[in-house]
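Visitor: Chain B: place on chain A using the hints.
Residue numbers (our numbering), protein chains in the order written: chain A, 523 to 633; chain B, 461 to 576.
Mixed in with the good hints there might be a few duds.
DSS-like cross-link-like pairs, simulated, lysine-lysine; straight-line CA separation at most 25 Å [to be verified]:
| no. | chain 1 | residue 1 | chain 2 | residue 2 |
| --- | --- | --- | --- | --- |
| 1 | B | Lys-522 | B | Lys-487 |
| 2 | A | Lys-537 | A | Lys-593 |
| 3 | A | Lys-564 | B | Lys-522 |
| 4 | B | Lys-511 | B | Lys-531 |
| 5 | A | Lys-580 | A | Lys-590 |
| 6 | A | Lys-590 | A | Lys-537 |
| 7 | B | Lys-504 | A | Lys-593 |
| 8 | A | Lys-580 | A | Lys-527 |
| 9 | A | Lys-537 | A | Lys-564 |
| 10 | A | Lys-564 | B | Lys-487 |
| 11 | B | Lys-504 | B | Lys-522 |
| 12 | B | Lys-511 | A | Lys-527 |
No lab work stands behind these hints: they were computed from the structure. Predicted model, so just to flag it, every value in this text is computed and none were measured.
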Amino acid sequence: QQQVKQSPQSLIVQKGGISIINCAYENTAFDYFPWYQQFPGKGPALLIAIRPDVSEKKEGRFTISFNKSAKQFSLHIMDSQPGDSATYFCAASWTGNQFYFGTGTSLTVIP
Amino acid sequence: NAGVMQNPRHLVRRRGQEARLRCSPMKGHSHVYWYRQLPEEGLKFMVYLQKENIIDESGMPKERFSAEFPKEGPSILRIQQVVRGDSAAYFCASSPPSRANTGELFFGEGSRLTVL
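Okay, chain A solo, but in the shape it has when bound (with noise of 0.2 Å):
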């Protein structure tokens, strides 16, 4: 049972376009929303997170928008970059248990 479900699995925009990923939901007790990126041959490294109590957080070109109604999250990346070229994925957890990951999205930029 996937408790975190993310499209699309795999993601080309030119350089200079606007990535988004998408991630859904069900249980309604997350209350920590997290985007991990990850290069080739590394471990995952938080990029931006969000809790469920605003509905839009932006660090530089990346941008979570949050809809708790629709138990949907998704992540923007804008003026997208070929150094942007990674692995994203999201995450859902509750304070004290454990982090249930999305399947993943491979986003190429093309320079």
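Guide: Coordinates of chain B only, in the frame set by chain A:
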């Protein structure tokens, strides 16, 4: 402040042998998580430990797999009698005692197990 340290980074075992993967969490972190990642797949939760306690092992196969996080020393994920299907990258992550503030997991660079 050193990050999460995993060793070995690469491990080759023959079928039937044992694999031991070690994880030293970040300084001050008392929570450790183990995840398995197969090619083209996401991170599959295996086990969540605190010092000397297994909190949640719902993702760990009932046979051949075990994990511990002793009072002193690293956390260890042990796979007995490995099979080819165990070939994967195993990631360890740690978090501080109180996740209420940041909720962040800090990952190591993984241990890549190959079973011949």
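Visitor: Could you check the structure against the hints above and give me the numbers of any it violates, in ascending order?
Guide: 1, 2, 3, 6, 12
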